[in-house]
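**Q** Residues per chain are reported as follows:
Number of protein chains: 2
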Amino acid sequence: MTPYFAVIFTSKLNQAAEGYAEMATKMEQLAKEQPGYLGIESARGSALGITISYWSSELAIKDWKNQLDHQLAQQLGRERWYQQYQVRVAKVEREYSFSARDHI
Amino acid sequence: MTPYFAVIFTSKLNQAAEGYAEMATKMEQLAKEQPGYLGIESARGSALGITISYWSSELAIKDWKNQLDHQLAQQLGRERWYQQYQVRVAKVEREYSFSARDHI
Chain Z
1 MTPYFAVIFT SKLNQAAEGY AEMATKMEQL AKEQPGYLGI ESARGSALGI TISYWSSELA
61 IKDWKNQLDH QLAQQLGRER WYQQYQVRVA KVEREYSFSA RDHI
Chain G
1 MTPYFAVIFT SKLNQAAEGY AEMATKMEQL AKEQPGYLGI ESARGSALGI TISYWSSELA
61 IKDWKNQLDH QLAQQLGRER WYQQYQVRVA KVEREYSFSA RDHI
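Protein chains in written order, with the working numbering: chain Z, 1 to 104; chain G, 1 to 104.
It is possible that some hints are incorrect.
Stated by the list, open to error - No farther apart than 27 Å at their CA atoms in a straight line, the calculated lysine-lysine pairs in the DSSO-like style are these:
#: 1; chain 1: Z; residue 1: 32; chain 2: G; residue 2: 91
#: 2; chain 1: G; residue 1: 65; chain 2: Z; residue 2: 65
#: 3; chain 1: Z; residue 1: 32; chain 2: G; residue 2: 65
#: 4; chain 1: G; residue 1: 62; chain 2: Z; residue 2: 12
#: 5; chain 1: Z; residue 1: 91; chain 2: G; residue 2: 91
#: 6; chain 1: Z; residue 1: 32; chain 2: Z; residue 2: 91
#: 7; chain 1: Z; residue 1: 91; chain 2: G; residue 2: 65
#: 8; chain 1: G; residue 1: 12; chain 2: Z; residue 2: 26
#: 9; chain 1: G; residue 1: 12; chain 2: Z; residue 2: 91
#: 10; chain 1: G; residue 1: 32; chain 2: G; residue 2: 91
#: 11; chain 1: Z; residue 1: 91; chain 2: G; residue 2: 62
Unchecked claim - Which chain G residues face chain Z? A few, computed with CB under 8 Å, are given here:
#: 12; residue: 50
#: 13; residue: 83
#: 14; residue: 90
#: 15; residue: 95
#: 16; residue: 96
Just so you know, the hints here were simulated from the structure itself, not pulled from any lab data.
Backbone N, C-alpha and C define an ideal beta-carbon position, used for all residues, glycine too.
Use the sequences and the hints to build the structure in full.
**A** Now the structure itself:
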């Protein structure tokens with residue numbers, strides 16, 4: 001499976017972020033149609049939101065960044081929704097997982 | 001700044017996770033004292049929690065993984081708190097950020 005690539009997107013929203021959730025959902029659906037898309041994980045706490053998308057190659061990440069609807073969403077995000085954000089592109093080198101045998 | 005390393009930890013908690021928040025806070029404080037620690041970001045939504053810690057080297061990550069109190073916390077986590085988790089070690093190759101000029 002490894003290596004593959006992760007885009008770590010951490011963000012703080014403005015207090016008024018009308019339309020953000022709908023756009024986030026739409027972008028997630030679009031990302032899934034992109035070549036090289038492997039998956040997405042997302043969590044938003046009271047202060048910080050983290051979305052990590054996984055991709056098969058750096059080229060796949062570049063293509064998604066430049067996808068036209070996504071470009072427009074990024075621009076709207078900077079104008080309307082995000083107080084700040086940080087993007088990190090990382091190469092996933094190894095991974096392991098745990099699953100409880102006895103779920104409560 | 002780049003390259004540096006990220007440990008992406010995604011988890012689902014058991015419904016009863018008494019003592020988890022206290023341990024998470026304690027481990028975050030301990031991590032900050034480790035050599036090579038660069039930072040931590042965390043968000044927990046209703047379904048998924050994501051914690052990303054940043055490190056200067058793979059050795060720093062290995063040392064933190066093997067730190068004794070952290071080992072015990074990991075064991076407790078598997079026994080008590082986590083329904084499942086996944087750990088990914090990734091090399092951060094590039095990054096960029098945005099900050100709104102006019103905060104609301």
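**Q** Can you name, in rising order, the numbers of the hints this structure does not satisfy?
**A** Checked against the structure, the hints that fail are numbers 2, 3, 4, while the rest are satisfied.
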